[in-house]
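The lines below spell out each chain.
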Amino acid sequence: MSLLRLLYRALLYLCPPAFRRRFGWQMAGDFEEICREVGRPSDLRDWVPVVRAMGDVVRTALREWFRRATRRWPQAVVSMPSTGPGGASQGRMRGIGDAVRRDLQYAVRQLWRERTLTSVIVLTLAVGLGTTAAIFSVLDTVVLRPLPFHDPQAVYRIFEISPQGSDYTTSEPMLLDWQAMVRSFGEVGAYTFSSAIVRAGGEPASVDGGRVTQNLMPLLGLRPVLGRGFRPEEDRPNPSQHVVILGEGYWRRRFGGDPAVVGATISMSGVPTVVVGVADLRQIRLLDYVEQLDYLVPLAADPTASRRMHYLTALGRLAPDVSPARARAELNGIARRMARAHPESNQGWGAGVMPAQEWIVTDRVRTAIAALAGAVVVLLLLTCANVSSLLVAKATTRLEELGVRSALGASRPRIIGQLMTESLLFACLGGGAGLAVAVGLIGAVRAYGPADVPRLADVALDGPVLLFTLGAALATCLMFGAVPAWHGSRSGASLTVNRVRGSSSSGTWVRDALIVGELALAMIILVGVGLTGHSFHRLLRVDPGFETAGLYAVRLSRPPADSVVDPVALFSDLERRAAGVPGIAGAGLTYIEPFGSNNTSHRVAPEEWHATTQEEFLGVDWRAVTPGFFTILGVQPRKGRLLGDEDAKAGSDTLGATPVVIDEALAARLWEGEDPVGHTLVWSRPGGTRLSVVGVVEDVKDVHMDRPGRGTVYFHHAAQPWSTMTLLLRVRGNPQQVLAAVRHQIRAAAPGIPIPTIHSIGENMRRSVAMPRFILQLFGLFGTVAILLAMTGVYGVLAHHVTRRTREIAVRVAVGAQTRDVLHLILSQVAWRMLAGLLLGLGGALVAARWIGAVLYDIEPTDPLAYLAAAAVLAMAALAATAPPARRAATVDPARALTAE
Amino acid sequence: MADRDRSSAHGPLSPMAFHTLLALQKAPLHGYAIMKQVKSTSGSAAGPGAVYGAIQRLEEAGLIREGRRLEPRRGSRPRQEYEITESGREVLRAEARRFARLARLAVQRELLPEGEGP
Numbered sequence: 010m011s012l013l014r015l016l017y018r019a020l021l022y023l024c025p026p027a028f029r030r031r032f033g034w035q036m037a038g039d040f041e042e043i044c045r046e047v048g049r050p051s052d053l054r055d056w057v058p059v060v061r062a063m064g065d066v067v068r069t070a071l072r073e074w075f076r077r078a079t080r081r082w083p084q085a086v087v088s089m090p091s092t093g094p095g096g097a098s099q100g101r102m103r104g105i106g107d108a109v110r111r112d113l114q115y116a117v118r119q120l121w122r123e124r125t126l127t128s129v130i131v132l133t134l135a136v137g138l139g140t141t142a143a144i145f146s147v148l149d150t151v152v153l154r155p156l157p158f159h160d161p162q163a164v165y166r167i168f169e170i171s172p173q174g175s176d177y178t179t180s181e182p183m184l185l186d187w188q189a190m191v192r193s194f195g196e197v198g199a200y201t202f203s204s205a206i207v208r209a210g211g212e213p214a215s216v217d218g219g220r221v222t223q224n225l226m227p228l229l230g231l232r233p234v235l236g237r238g239f240r241p242e243e244d245r246p247n248p249s250q251h252v253v254i255l256g257e258g259y260w261r262r263r264f265g266g267d268p269a270v271v272g273a274t275i276s277m278s279g280v281p282t283v284v285v286g287v288a289d290l291r292q293i294r295l296l297d298y299v300e301q302l303d304y305l306v307p308l309a310a311d312p313t314a315s316r317r318m319h320y321l322t323a324l325g326r327l328a329p330d331v332s333p334a335r336a337r338a339e340l341n342g343i344a345r346r347m348a349r350a351h352p353e354s355n356q357g358w359g360a361g362v363m364p365a366q367e368w369i370v371t372d373r374v375r376t377a378i379a380a381l382a383g384a385v386v387v388l389l390l391l392t393c394a395n396v397s398s399l400l401v402a403k404a405t406t407r408l409e410e411l412g413v414r415s416a417l418g419a420s421r422p423r424i425i426g427q428l429m430t431e432s433l434l435f436a437c438l439g440g441g442a443g444l445a446v447a448v449g450l451i452g453a454v455r456a457y458g459p460a461d462v463p464r465l466a467d468v469a470l471d472g473p474v475l476l477f478t479l480g481a482a483l484a485t486c487l488m489f490g491a492v493p494a495w496h497g498s499r500s501g502a503s504l505t506v507n508r509v510r511g512s513s514s515s516g517t518w519v520r521d522a523l524i525v526g527e528l529a530l531a532m533i534i535l536v537g538v539g540l541t542g543h544s545f546h547r548l549l550r551v552d553p554g555f556e557t558a559g560l561y562a563v564r565l566s567r568p569p570a571d572s573v574v575d576p577v578a579l580f581s582d583l584e585r586r587a588a589g590v591p592g593i594a595g596a597g598l599t600y601i602e603p604f605g606s607n608n609t610s611h612r613v614a615p616e617e618w619h620a621t622t623q624e625e626f627l628g629v630d631w632r633a634v635t636p637g638f639f640t641i642l643g644v645q646p647r648k649g650r651l652l653g654d655e656d657a658k659a660g661s662d663t664l665g666a667t668p669v670v671i672d673e674a675l676a677a678r679l680w681e682g683e684d685p686v687g688h689t690l691v692w693s694r695p696g697g698t699r700l701s702v703v704g705v706v707e708d709v710k711d712v713h714m715d716r717p718g719r720g721t722v723y724f725h726h727a728a729q730p731w732s733t734m735t736l737l738l739r740v741r742g743n744p745q746q747v748l749a750a751v752r753h754q755i756r757a758a759a760p761g762i763p764i765p766t767i768h769s770i771g772e773n774m775r776r777s778v779a780m781p782r783f784i785l786q787l788f789g790l791f792g793t794v795a796i797l798l799a800m801t802g803v804y805g806v807l808a809h810h811v812t813r814r815t816r817e818i819a820v821r822v823a824v825g826a827q828t829r830d831v832l833h834l835i836l837s838q839v840a841w842r843m844l845a846g847l848l849l850g851l852g853g854a855l856v857a858a859r860w861i862g863a864v865l866y867d868i869e870p871t872d873p874l875a876y877l878a879a880a881a882v883l884a885m886a887a888l889a890a891t892a893p894p895a896r897r898a899a900t901v902d903p904a905r906a907l908t909a910e
Numbered sequence: 002m003a004d005r006d007r008s009s010a011h012g013p014l015s016p017m018a019f020h021t022l023l024a025l026q027k028a029p030l031h032g033y034a035i036m037k038q039v040k041s042t043s044g045s046a047a048g049p050g051a052v053y054g055a056i057q058r059l060e061e062a063g064l065i066r067e068g069r070r071l072e073p074r075r076g077s078r079p080r081q082e083y084e085i086t087e088s089g090r091e092v093l094r095a096e097a098r099r100f101a102r103l104a105r106l107a108v109q110r111e112l113l114p115e116g117e118g119p
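Protein sequence lines correspond, in order, to chains A and B.
For the first sequence, our numbering gives the first residue as 10, with consecutive numbering after it.
For the second sequence, our numbering gives the first residue as 2, with consecutive numbering after it.
In short, the hints are calculated from the structure, not lab data.
Predicted model only: the values in this text are computed from it and were never measured.
Among these hints, one or two may not hold up.
[As the list claims (entries may be wrong)] Chain B is nowhere near these chain A residues, computed Cβ spacing over 12 angstroms in every case:
1. G38
2. D39
3. A70
4. Q250
5. R694
6. A826
[Said to hold, decoys possible] The calculated lysine to aspartate or glutamate pairs, modelled on DMTMM-like cross-linking and capped at a C-alpha distance of 25 angstroms, are:
7. A:K648 / A:E617
8. A:K710 / A:E673
9. B:K40 / A:D52
10. A:K710 / A:E681
11. B:K27 / A:E42
12. B:K40 / A:E772
13. A:K710 / A:E772
14. B:K37 / A:E46
15. B:K40 / A:D55
16. B:K37 / A:D107
17. B:K27 / B:E111
18. B:K37 / B:E91
19. B:K37 / A:D55
[To be verified] Quick partial rundown of chain B residues pointing at chain A, CB under 10 angstroms, derived from the structure:
20. G48
21. A51
22. I56
23. R66
24. Q81
Where is the CB? At the ideal position from N, CA and C, for every residue including glycine.
Put together the whole structure using the sequences plus the hints.
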């Protein structure tokens, strides 16, 4: 049904803009009610009202355009006195109306007579414009569209800058200071990630959400769809009542969209909490690349919290007439004051601002968009070039007819009008069919596109994009329809039948330029396909360092009510029990789920560096694991040993250091060419915890496939206890049965534990390459369309060429030319154009490939394989397109061809 | 007499326009409600496009005007109401008289028996 609504909205674009602006939204709303009344149709007849409403839009569009046109005609007639007889404006109008009708009828007959060419042109327009409009709509919604905030340009991210010059999130007391002192920003709000165990009626479940200041939603211009936002008194430590706003999606999933939930009390991590509202949290989700954001609770910033804990993402709305530079200066002034007041934590710290848009849509994403948008533009150009060459080819065959009409006394405006009518008709047919293709493609993308590409479900046909593509169709048709119109009418009566029949070169160079241009454009796109394809192939072959088949992750959280339970003992017990379930080949614990879009990192320095400032510490990833982690992933020790149960106690080493294992990447980074075993690392800061390296293991990729690791430190989880852990399981046999048994075991062993969610690691990994895959799919689509268009172009020009030279070929055959000679004659026509197109395209692609470099993994933008493959495919496609006309030329029957005229 | 003048100035109303005015005669309505009314009084369904086309023309002729804009509430969408103007009422009345005259004529010519309802 939603596809139907989309189609209806698309059809509304057929109506004149003024009418659509006034009534479009009302009509769309009425259509929704019609759909709602129809409900879920069981019978074909139930569809009648829906189909009738669709027809009604088309009729309305025709009627309204006609009304507009007839309303303008009288004025047009007054300024063109030579047209039509004098008399009442009513009469004039009828005269012009008749002429238009005659032109239209004639144009329809003409198009029908050349129906092969007509369908080729219309199909070209449909595929080219439809794809362009659909892809641009997708790009626009997924990546280009400005943040869905109120006045997004004024929203800035505010951050702290460490003495070493790195950007940091802020602390709770600092946020309060900013809120109290800053004048440059109307409001300063903040966000941080949170998670809770929600119990509402049924089983407890672990849910991810956010903590926000009460002003964050108003600051971003977001309003709850139900209930209210937070009140200032609720955003303080120890409020009299705990409140929550539920995400709309979560509210629908978990509470069936029941409005009575507002006002109800649910248990969040054991705390009774009142639901005060329901809001669309997708916008907030943009602030933090989390997969799910199902609720918001007040941040309740605590002025007594540590100033060293930086974890709040702060946003501010810049006051009118304040420049970012002034805001930065003011923030730094505050930072200096704070450094004096709290030297132990704030000495040397500064602050900065950046537009939220720049922060959320990163450079990397922007470059990727530029590459895709560039490809779409090339595709649009290719479509226009193709249609132009077909129109020019078509027009040259019409010169004779136009000459005759002109000789019989048709005036120039009439002839131009006639040709324009045909061009318009093409544009309308092609544009309409393109619309259908676009709507279909968007529906397909929404239905079958990767589920985790953000905002993909919101994709709808984009109005401005649609208008732009339709405008391009119209401009192309009118411009290249106008060339012959001009020629044909200028030559007037002097244009004789003989001149046409001779080798008229008018339009030949245009055609040649167009076909060369088409091939060049197609080449550029195909190189793009080759590059993204090759890159993706490399990406898929990246070895994460472990086998993903049969590997599953279970997220475990400590039961909320049972805070006395030792999580280490609980999780270790669950690991043991799970390993004993029949069908489980191994179990291990780790703090973060592989490819679960999370990472944990910190800073270390080798003890022998004697690092005295934090600057000298290096950023590394760390994992809290059990010995089973290495076994289940099959991670082998390269030097020293793996972690064992004897390493479960922090500081258990003989020298009081905590035993850790590091990976080869870190070993190479810290102790190139040395044996790291026996060395000691300092954790976090000068004088921090000491870690003794007991072994070196293979590198494991568990966050990004496309980035090399920067080194990982593995602890025993008991040395760093966490209240949530991920249980990794290797399943042999039917995963569903085995996992159900595991779930049963967990519930039996720890009844209070939230329902564990189980993910397949292979699935996680596939999702981690969803974006590159999506880009490749889009390029694949472009490539297919580009090949088709190039083939049509070559075919069209050559077919036309053969038709024009049929007599000549017939004469040659009559005097003894062999099939081979004829083929040579025809193919030589294409050969140099093809070569020119390929070479030009090669040059263009080399320039364009710089743009695509940012989305490539492990290959250069000059990857020769991609260029060779593109050239080969294009050459083959072009040759295939020459086959039918060449065959026709080779089988010309001289007797028939020469007597035909 | 005034009725006749108005009626002729607007010509005979199209069936769609007549049923739209008829629908609005009692109370202001939004497009969808007009559509439903038109279906019940004319016996045949009209799509949204036909209704809004008629609304636009009637409005240009000054026979109806935009009324309240109903803002969206929970579970509903925004709607635009339309109401009949005084001249709209007059034209509707004149048109109804014309129908009545025609009906009388039909009875006089014995096309219809006297008193036959629709």
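Results of checking the hints against the structure:
1. Its closest Cβ contact with chain B, about 5 angstroms, brings A:G38 to no more than 12 angstroms, contrary to its assignment away from the interface.
2. With a least CB separation of 4 angstroms from chain B, A:D39 falls inside the 12 angstroms interface cut-off, contrary to its annotation.
3. A beta-carbon of chain B is positioned within 12 angstroms of the beta-carbon of A:A70; the least distance is around 8 angstroms.
4. Residue placement check: A:Q250 keeps its beta carbon more than 12 angstroms from all beta carbons of chain B (closest about 24 angstroms).
5. Every CB of chain B is more than 12 angstroms from the CB of A:R694 (nearest about 53 angstroms), matching its label as outside the interface.
6. For A:A826, the condition that its CB be more than 12 angstroms from all CB atoms of chain B holds, with the nearest at approximately 61 angstroms.
7. At roughly 20 angstroms between alpha-carbon atoms, A:K648 and A:E617 fall within 25 angstroms of each other, so this suggested pair holds.
8. Taking the CA atoms of A:K710 and A:E673, the gap is about 12 angstroms. The hint holds against a cut of 25 angstroms.
9. The straight-line distance between the Cα atoms of B:K40 and A:D52 is roughly 22 angstroms, inside the 25 angstroms bound, and the hint therefore holds.
10. Restraint check for A:K710 and A:E681: the C-alpha separation of about 21 angstroms stays at or below 25 angstroms, so the hint holds.
11. Proximity of B:K27 to A:E42 is assessed by CA-CA distance (about 23 angstroms); at most 25 angstroms being required, the pair is judged to hold.
12. Distance hint between B:K40 and A:E772 is unfulfilled; the C-alpha atoms sit about 53 angstroms from each other, more than 25 angstroms.
13. Under the criterion of a C-alpha separation no larger than 25 angstroms, the hint pairing A:K710 with A:E772 is consistent with the structure, at around 15 angstroms.
14. The straight-line distance between the Cα atoms of B:K37 and A:E46 is roughly 12 angstroms, inside the 25 angstroms bound, and the hint therefore holds.
15. Taking the CA atoms of B:K40 and A:D55, the gap is near 17 angstroms; set against the 25 angstroms cutoff, the hint holds.
16. About 38 angstroms separates the Cα atoms of B:K37 and A:D107, which puts this hinted pair outside 25 angstroms; it is violated.
17. The straight-line distance between the Cα atoms of B:K27 and B:E111 is roughly 34 angstroms, outside the 25 angstroms bound, and the hint therefore fails.
18. This hinted pair checks out: B:K37 and B:E91 have alpha carbons roughly 23 angstroms apart, not beyond 25 angstroms.
19. A hinted pair counts as satisfied when its Cα atoms are at most 25 angstroms apart, and B:K37 with A:D55 qualifies at roughly 17 angstroms.
20. The beta carbon of B:G48 is positioned within 10 angstroms of a beta carbon in chain A (closest approach about 3 angstroms), and the interface hint is therefore held.
21. A cut of 10 angstroms between beta carbons decides the hint on B:A51: the least distance to chain A is about 6 angstroms, and the hint holds.
22. Given hint, B:I56 at the interface with chain A, holds; its Cβ is 7 angstroms from that chain's nearest Cβ, closer than 10 angstroms.
23. Proximity of B:R66 to chain A is violated relative to the hint, the smallest CB-CB distance being about 13 angstroms (cut-off 10 angstroms).
24. Contact between B:Q81 and chain A, as hinted, is supported at the beta carbon level, the nearest pair being about 6 angstroms apart and thus within 10 angstroms.
This entry does not satisfy hints 1, 2, 3, 12, 16, 17, 23, going by the numbered hints stated previously.
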